[in-house]
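Residue numbering for the first sequence follows this note's numbering, beginning at 63 and increasing consecutively.
Misleading hints may appear alongside valid ones.
Unchecked claim - Listed below are the simulated PhoX-like cross-link pairs for lysine-lysine, each with C-alpha atoms no more than 25 Å apart in a straight line:
hint: 1; residue 1: K100; residue 2: K768
hint: 2; residue 1: K217; residue 2: K165
hint: 3; residue 1: K180; residue 2: K89
hint: 4; residue 1: K180; residue 2: K618
hint: 5; residue 1: K80; residue 2: K179
hint: 6; residue 1: K218; residue 2: K618
hint: 7; residue 1: K684; residue 2: K180
hint: 8; residue 1: K260; residue 2: K618
hint: 9; residue 1: K165; residue 2: K539
hint: 10; residue 1: K217; residue 2: K768
hint: 11; residue 1: K252; residue 2: K343
Stated by the list, open to error - Computed Cβ-Cβ distance ranges for the label pairs, DEER-style:
hint: 12; residue 1: G291; residue 2: K419; range: 24 to 30 Å
hint: 13; residue 1: E280; residue 2: E227; range: 24 to 30 Å
hint: 14; residue 1: S293; residue 2: R352; range: 25 to 31 Å
hint: 15; residue 1: I603; residue 2: E227; range: 32 to 38 Å
hint: 16; residue 1: Y655; residue 2: E267; range: 44 to 50 Å
hint: 17; residue 1: R587; residue 2: D88; range: 29 to 35 Å
hint: 18; residue 1: Q94; residue 2: V867; range: 55 to 61 Å
hint: 19; residue 1: K467; residue 2: K419; range: 43 to 49 Å
hint: 20; residue 1: I748; residue 2: I603; range: 41 to 47 Å
hint: 21; residue 1: E227; residue 2: G421; range: 42 to 48 Å
hint: 22; residue 1: A355; residue 2: I378; range: 56 to 62 Å
hint: 23; residue 1: K672; residue 2: S917; range: 54 to 60 Å
hint: 24; residue 1: E280; residue 2: P301; range: 45 to 51 Å
hint: 25; residue 1: Y655; residue 2: E712; range: 24 to 30 Å
It is worth saying that the hints were derived from the structure and are not from the lab. A virtual CB, placed ideally from N, CA and C, is assigned to each residue, including glycine.
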Amino acid sequence: MRRAFMEERYDAGSIEGKWQTRWEQDKTFKAQEDGREKYYLLEMFPYPSGRIHMGHVRNYSIGDVVARFKRLQGYNVLHPMGWDAFGMPAENAAIQHGTHPGKWTYENIDNMRAQIKKMGFSYDWDRELATCHPEYYRWEQLIFLKMFEKGLAYKKSSFVNWCPECQTVLANEQVENDACWRCGTEVEQKELEQWFFKITDYAQELLDDTYKLTGWPEPVLTMQRNWIGRSTGCEIDFPVVDSDVKIKVFTTRPDTLYGATFMSLAAEHPLASGLASADCKAEVEAFIARVRAQDKIKRTSDDFVKEGVFTGSYSINPVNGRRIPIYLANFVLMDYGTGAVMAVPTHDQRDFEFADKYGIPKVVVIQPEGEVLDPASMTEAWTGSGTLVNSGPFDGLDNETAKDKIAAYLEEQGVGSKTINYRLRDWGVSRQRYWGTPIPVIYCPQCGPVAVPEQELPVLLPMDVEISGEGGSPLAKHQAFLQVSCPTCGADARRETDTFDTFVESSWYFARYTCPRFDQGPLDRAAVDHWLPVDQYIGGIEHAVMHLLYARFFTKVMRDLGLVSQDEPFKNLLTQGMVCMETTSCPEHGWLYPEQVVAGKCTLCGATAKTGRNEKMSKSKKNVVDPDQLIASYGADTARLFSLFAAPPEKDLEWNEQGVEGCYRFLNRVWRAVYDNLERISGVAIPTSAEGAARDLRRQVHRTIKKVTEDIDGRFHFNTAIASVMELVNAIYGFEQRDEHPGCMREALETLVRLLTPFVPHMCEELWVCLGHQGGIEAAGWPTWDEAALVEDKKTIVVQVNGKVRGKIIVAADADDDTVQQAALEEGNVVRFLEGKTVRKVVVVPGRLVSIVAS
RNA sequence: GCGAGAGUGGCGGAAUUGGCAGACGCACUGGAUUUAGGAUCCAGCGGGCAACCGUGGGGGUUCGACUCCCCCCUCUCGCACCA
Numbered sequence: 063m064r065r066a067f068m069e070e071r072y073d074a075g076s077i078e079g080k081w082q083t084r085w086e087q088d089k090t091f092k093a094q095e096d097g098r099e100k101y102y103l104l105e106m107f108p109y110p111s112g113r114i115h116m117g118h119v120r121n122y123s124i125g126d127v128v129a130r131f132k133r134l135q136g137y138n139v140l141h142p143m144g145w146d147a148f149g150m151p152a153e154n155a156a157i158q159h160g161t162h163p164g165k166w167t168y169e170n171i172d173n174m175r176a177q178i179k180k181m182g183f184s185y186d187w188d189r190e191l192a193t194c195h196p197e198y199y200r201w202e203q204l205i206f207l208k209m210f211e212k213g214l215a216y217k218k219s220s221f222v223n224w225c226p227e228c229q230t231v232l233a234n235e236q237v238e239n240d241a242c243w244r245c246g247t248e249v250e251q252k253e254l255e256q257w258f259f260k261i262t263d264y265a266q267e268l269l270d271d272t273y274k275l276t277g278w279p280e281p282v283l284t285m286q287r288n289w290i291g292r293s294t295g296c297e298i299d300f301p302v303v304d305s306d307v308k309i310k311v312f313t314t315r316p317d318t319l320y321g322a323t324f325m326s327l328a329a330e331h332p333l334a335s336g337l338a339s340a341d342c343k344a345e346v347e348a349f350i351a352r353v354r355a356q357d358k359i360k361r362t363s364d365d366f367v368k369e370g371v372f373t374g375s376y377s378i379n380p381v382n383g384r385r386i387p388i389y390l391a392n393f394v395l396m397d398y399g400t401g402a403v404m405a406v407p408t409h410d411q412r413d414f415e416f417a418d419k420y421g422i423p424k425v426v427v428i429q430p431e432g433e434v435l436d437p438a439s440m441t442e443a444w445t446g447s448g449t450l451v452n453s454g455p456f457d458g459l460d461n462e463t464a465k466d467k468i469a470a471y472l473e474e475q476g477v478g479s480k481t482i483n484y485r486l487r488d489w490g491v492s493r494q495r496y497w498g499t500p501i502p503v504i505y506c507p508q509c510g511p512v513a514v515p516e517q518e519l520p521v522l523l524p525m526d527v528e529i530s531g532e533g534g535s536p537l538a539k540h541q542a543f544l545q546v547s548c549p550t551c552g553a554d555a556r557r558e559t560d561t562f563d564t565f566v567e568s569s570w571y572f573a574r575y576t577c578p579r580f581d582q583g584p585l586d587r588a589a590v591d592h593w594l595p596v597d598q599y600i601g602g603i604e605h606a607v608m609h610l611l612y613a614r615f616f617t618k619v620m621r622d623l624g625l626v627s628q629d630e631p632f633k634n635l636l637t638q639g640m641v642c643m644e645t646t647s648c649p650e651h652g653w654l655y656p657e658q659v660v661a662g663k664c665t666l667c668g669a670t671a672k673t674g675r676n677e678k679m680s681k682s683k684k685n686v687v688d689p690d691q692l693i694a695s696y697g698a699d700t701a702r703l704f705s706l707f708a709a710p711p712e713k714d715l716e717w718n719e720q721g722v723e724g725c726y727r728f729l730n731r732v733w734r735a736v737y738d739n740l741e742r743i744s745g746v747a748i749p750t751s752a753e754g755a756a757r758d759l760r761r762q763v764h765r766t767i768k769k770v771t772e773d774i775d776g777r778f779h780f781n782t783a784i785a786s787v788m789e790l791v792n793a794i795y796g797f798e799q800r801d802e803h804p805g806c807m808r809e810a811l812e813t814l815v816r817l818l819t820p821f822v823p824h825m826c827e828e829l830w831v832c833l834g835h836q837g838g839i840e841a842a843g844w845p846t847w848d849e850a851a852l853v854e855d856k857k858t859i860v861v862q863v864n865g866k867v868r869g870k871i872i873v874a875a876d877a878d879d880d881t882v883q884q885a886a887l888e889e890g891n892v893v894r895f896l897e898g899k900t901v902r903k904v905v906v907v908p909g910r911l912v913s914i915v916a917s
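Assemble the whole structure, with the sequences as input and the hints as a guide.
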């Protein structure tokens, strides 16, 4: 091997630029379908806010280690990047700075692409997509049309947060203290016609399949299961006295049915107003108006008082004929169950308090074991198990059995049925926003809502709009967009002006990456079948429910539309922790940026800066580090290395400048290790065995290969992988026989460089050339370890006496248990501790320790 | 309130199956080198003079527990009148 020229000093800047250009020119990371085993690695794509932050650096560094590792192992890796490009911030920027949302977004994408490229991630940039591009959203519109055809997309009326000043719907997070975040006007609950996706049709499958997602973190699955919120129970019809009307209630406790002494309805219940008797009418109407005016935030706050109103009407408990009063109650929700509840004060705490407040009688129907409940002396409801009493033919049954028996009886009598209820609601996707995918629907005065014909897609989002920030969506004022003739009857009609929730775009982008330029449909079946599912998905825990649930739902819908074959989109999921940093503040100037603090003083006024707690990096708290500055000072490799070394990926990462310096120092150490030995190892071959100290070095080299391989593969413990490579570097520095064994030195150095490639690829490519190789380190593949090199001929065995370490012995690795035991009992210090005692028991754990019990 | 996760040196973190607690890094200390500082290299670094004590606290199982079981405390996250 020839000796290449090598700089003495590590210069990240020049190396990184050089290799990034090379990778781009050679299309090193282009994914093509071929015979190799595929591996689809995906990180959650970013919203193009303008600049990348440390969370991105961490997310994509983690992903890049896995992508490069799998590629080195010979997998055909798909590793794409793109932009979640629709959304409100673009409109807000337009309002504030007068820039068009499109211009703002595309400029941001250009900035962020450049920043990401400076990190040297191994993306196939030929597959880049942006969701605001018509070639993307046109296919989303088509999927919507198919869903509309199948009844999976439908329109219904629902209550939303509405700002009367801005004339628009507000998301929950845009409501601050019941007021609009922008203009401060009090938010109203407004009933609006909205488009919904029928995710509830898939509730059961979405729940069941969580048990198949063995590669997902358990907390995420739990959150999804809780969100879906399946509960089993009964629907029971209660006839209303002096009326043909029946009220259907949902209960999970049919075993308490005989104890129902009143009924409560949601204020929004369609029968609420009609049930009011003449003398209760005024009070009932006032109550309904009051409850409706309360927004959801107020209704769920701590100081919310449970209250209700008697309607004046009664219903009949179908099993015992008891006449029970019907109330309206503000804690009964219209959108769960049937909006009507049979109330059992003795066995439900809310009903208990309600009954006390309004003087409603209580009947005990479940007696717990070893206790006798008396309604008169009870201070709270009994919600545990027990035996049925006061329940006619069901007396004496335990309540779990009674649930089934009573349910069966109700079905037999035709007054009720077993049902399953879900907390999950259909997904409202309409947004009265401009910067989003237009919903491809036309409203005809004759035909009602009509789908835009497929051949007329895409419904393009017009670019020539005025964004004033007042008076709702600009689309509603755009005559050329608005006016259209009905595709069915040709009459003058009007386009839908709402756009999709941006979660719709992120629900199928992972599939589009497999065929981003396909122009015959949303997805090229051959490509999706080849690449899906995503083998490893990586992103923040904040998407545990919404995005991940919607993407799972969409995958099932696309399957049922014949677009994909998979049931689930993401085989394995890694949720990475947040990037945190210490906060600092000045009594005078509030939060301070790190560079505003010098020697513990505020640079603005000289006051002593106060160090606050560690919190998620955020602009508002000013505890941020700019990736560009980090790259400028240390290089991308150092930035990558630190974000991988400081903590395991799923935990929060505490950013710390000194830790970054430590990583930079380590890379310099690696560089110098190669530089200092280059002449020595020039032209030397790597041996397949060694003796003495050289053998120890060789053993450590191969042990490190094993450790790093196993730490990356599946375990994602990059911090420990890096730590073991640091140990190898320490061993290389400490290897005194470097002149006698240059071949072992070469093996150690080459292995070091190859093992670090997924973490710090620029430096490793450069060092690989310095070591005399051509063709790029990608071609070298991932090193494998030699089992023979791992074998030790001597082992250190720990000797415990009564559970405490009392000595260590060195024995031959193949020594049998008796020999080891004998040696242990003869060890000097052990003998001292055994003096005057009798050995009762000896446990020998081969290759590890000997435990002696003595008394 | 319900559900989930976590608690280890001055700090970030190791310990993969119940087997030497504290790998690796940071900070700190000492030494070498240097006119000096920085950089670098080498060494030390849980507490205690010691016997010993140490993984949030208390109990248990075991020859042996950071690891398994029971009770308690603290923190983080998610859901929250879900009938």
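Do the hints match the structure? See the list:
1. The suggested pairing of K100 with K768 holds, with an alpha-carbon distance near 23 Å, which does not exceed 25 Å.
2. Note on K217 and K165: the hinted pairing is violated, with a Cα-Cα distance of about 32 Å set against a maximum of 25 Å.
3. Between K180 and K89, the direct Cα distance comes to roughly 16 Å. Compliance with the 25 Å bound is thereby established for this hinted pair.
4. For the proposed pair K180 and K618, the alpha carbon gap of about 37 Å is over 25 Å, so the pair is violated.
5. In summary, the hint linking K80 to K179 is supported, as the alpha carbons are separated by about 12 Å, within the 25 Å threshold.
6. A distance of roughly 23 Å separates the Cα atoms of K218 and K618; the hinted pair therefore holds under the 25 Å criterion.
7. As the CA atoms of K684 and K180 are separated by approximately 24 Å, the hinted pair is consistent with the 25 Å bound.
8. Among the hinted pairs, K260 with K618 is consistent with the structure: their alpha-carbon atoms are about 12 Å apart, no more than 25 Å.
9. Proposed proximity of K165 and K539 is supported: the alpha carbons are some 21 Å apart, at most 25 Å.
10. A hinted pair counts as satisfied when its Cα atoms are at most 25 Å apart, and K217 with K768 does not qualify at roughly 57 Å.
11. Distance hint between K252 and K343 is fulfilled; the C-alpha atoms sit about 24 Å from each other, no more than 25 Å.
12. Remark: the range hint 24 to 30 Å for G291 to K419 is upheld by a beta-carbon distance near 28 Å.
13. For the pair E280 and E227, the beta carbons lie near 45 Å from each other, so the given range of 24 to 30 Å is not met.
14. Range check, S293 to R352: Cβ separation about 29 Å, and the 25 to 31 Å hint holds.
15. A C-beta distance of roughly 36 Å is found between I603 and E227, which places it inside the suggested range of 32 to 38 Å.
16. One distance hint, 44 to 50 Å for the beta-carbon pair Y655 and E267, holds here, with the actual separation near 49 Å.
17. Distance hint for R587 and D88: a CB-CB separation of about 31 Å, consistent with the stated range 29 to 35 Å.
18. Between Q94 and V867 the C-beta distance comes to about 57 Å, which sits within the given range of 55 to 61 Å.
19. In this structure the supplied range 43 to 49 Å is violated for K467 paired with K419, their Cβ-Cβ distance being about 33 Å.
20. A C-beta distance of roughly 44 Å is found between I748 and I603, which places it inside the suggested range of 41 to 47 Å.
21. Between E227 and G421 the Cβ separation comes to about 45 Å, which falls inside the hinted range of 42 to 48 Å.
22. About 33 Å separates the C-beta atoms of A355 and I378, a value inconsistent with the hinted range of 56 to 62 Å.
23. For the pair K672 and S917, the supplied restraint of 54 to 60 Å holds, since their beta-carbon distance comes to about 58 Å.
24. The beta-carbon spacing between E280 and P301, approximately 46 Å, falls within the hinted interval of 45 to 51 Å.
25. Separated by about 29 Å at the C-beta atoms, Y655 and E712 satisfy the suggested range of 24 to 30 Å.
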